[in-house]
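Mind docking chains B, C and D on chain A? Use the hints.
There are 4 protein chains.
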Amino acid sequence: MSRKVHSSEVYQAVMNKLTERGVPLEAIADIVYEMQVPYKADLRKEVCMESVLAVLEKRELQHAILVGVELDTLAEKNILSEPLLSIVKADEGLFGCDETLALGSVFGYGSIALTTFGYLDKQKIGIIKSLDNEGGEHCHTFLDDIVCAIAAAAAGRLAHRIRDEDEEVDGS
Amino acid sequence: MSRKVHSSEVYQAVMNKLTERGVPLEAIADIVYEMQVPYKADLRKEVCMESVLAVLEKRELQHAILVGVELDTLAEKNILSEPLLSIVKADEGLFGCDETLALGSVFGYGSIALTTFGYLDKQKIGIIKSLDNEGGEHCHTFLDDIVCAIAAAAAGRLAHRIRDEDEEVDGS
Amino acid sequence: MSRKVHSSEVYQAVMNKLTERGVPLEAIADIVYEMQVPYKADLRKEVCMESVLAVLEKRELQHAILVGVELDTLAEKNILSEPLLSIVKADEGLFGCDETLALGSVFGYGSIALTTFGYLDKQKIGIIKSLDNEGGEHCHTFLDDIVCAIAAAAAGRLAHRIRDEDEEVDGS
Amino acid sequence: MSRKVHSSEVYQAVMNKLTERGVPLEAIADIVYEMQVPYKADLRKEVCMESVLAVLEKRELQHAILVGVELDTLAEKNILSEPLLSIVKADEGLFGCDETLALGSVFGYGSIALTTFGYLDKQKIGIIKSLDNEGGEHCHTFLDDIVCAIAAAAAGRLAHRIRDEDEEVDGS
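Residue numbers (my numbering), protein chains in the order written: chain A, 1 to 172; chain B, 1 to 172; chain C, 1 to 172; chain D, 1 to 172.
Don't take every hint at face value.
One copy or two, either will do: identical chains are not told apart, so a pair holds if it fits within one copy or between any two.
[Stated by the list, open to error] Distance condition first, Cα-Cα at most 27 Å in a straight line; then the derived DSSO-like pairs of lysine-lysine:
no., residue 1, residue 2
1, LYS40, LYS77
2, LYS124, LYS77
3, LYS4, LYS58
4, LYS40, LYS122
5, LYS89, LYS40
6, LYS77, LYS45
7, LYS77, LYS129
8, LYS122, LYS4
9, LYS4, LYS40
10, LYS45, LYS89
11, LYS58, LYS129
12, LYS4, LYS89
13, LYS58, LYS45
These are computed hints drawn from the structure, not numbers from a lab.
Extracted from the complex, chain A is given alone in its bound form:
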């Protein structure tokens, strides 16, 4: 009865959802750049973008994006049942499910990704701030944490790569 969904279909859906919800990948790469440039002065934006694209290939992050965007969208359309609808719309600090869902895909990139997530979730730099502030009919309760997760995962991945490259240059 249930069909098996090919990962290429999931990937395409993820890209479409991010575009529809107003999150250009460049804005995520900008955050990765800002987080990692203190550790590597000659860091280039393309490398950050490459890292964003790489983490977006991961199944569990893709699924978290689909679930999070779905819940935000259903809240906007008032389709969620009460009291969940009011809780999601209020985006209150003690809700927790938004961070939990996003965090699952961050763990994979080491503890540096985890602390970066925590930092971004509190400081809300770049597009994360815009998403958080945008009110009106928009609901970004899950999306802002999702963006934190993508950026944190990409930053964590990058930190490990940079170290690997340093070691190769030093000669191994």
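Frame of chain A, contents of chains B, C and D only:
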């Protein structure tokens, strides 16, 4: 624009949802009993039930229950968008969001709760098995992990309580 | 052959270790205050201290403190074997075990505690900064993350308490 | 003052420690096989071994192995301070730091790795059981969880790979 939801309303909604979805608290207490009786031969069912009720007071577990049940229900009604709808209905092993959402509320009860969650998620004892097998129009992709989480949290809480009591008896 | 250690002995050892390693509980309460006062203008320091003391009652946090301080101390005495000794002494960003060990006890206080941990680990405010900067013969690789964990757990606990009190005042 | 340790030195140390502590990689591959063969009848042992070797390349898992083995060894030599020494030697269920340290490296392989870890930690199959039972002067408090983590990570990695291959065969 968004109203503040009182925790008593959330608690009531959680209790209703569990009943509606066919999960009596007794069935969860039975799992807790089965998991903890090897460590305490004179364990009583009431103590297990008490522990189930205690973890259900926790905000983040309550929220995870509401979100998980909502997604299952929306999948049953074909309201989720594709490809998420097919992924949730298929309940495939690599989805991940169901375990991630449930796990968030388990961490709070120590690593014993975490390993119990992993064990229950694989072994699917008692009502977890029934939920997993029930096919047809029912979708329990999130609910079975939610029940694992409630039972694991209650078992972890109990393990710590039992140790506390042992120490008091020994004299402290 | 192995003796059962009473939790009062563990608690006392934890308090002694924190004092020996130069971490007054007041300094941790100060961090909790700084993190939570933006959400509650009339927050009092005593309430923060009370929350610090409450999380220090938790078994898994106590154990993490003992393990972390032990590893720092053994590194200072050059008793750890290589290459672990050099890795711990260097306190390099990609080590990971220091954050992992500390994080285990933070999960219990909700996702707000988790993001606070990530923030503190990056921003290093108050005594966390002093510990991180202190060089010479001192090794605080694990201790700074441990302090982040205690503060984050206490802040998370406090956030939930404050919400509970607000609801009681509103009338429930 | 602190030297930078090259990852090849860390890798070599990890391999030596596992051998010294009586954990042949084949025994870990056997556990991976047992966990994954129900999902793929024609699974070969070499593929399991390949997955074990792949996860052992990961920095954070390597560090966790070094830290865990160090603590076990120091406990055997009675070098840890009290009460930590007695707690580690007793390997009591509520210690928690052993699972926490090991878990950090499991998260990276998806929620399937996490539930596999929980299952292995409770069921203790193969060499995990031998390590757990071996008493006398041996202390394996951390090592058995470390082996659970390596096996769970390798099993999780394998599950994702198998799905990727299935999709390629189906034509993508």
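Which of the listed hints are not met by the structure? 1, 6 and 10
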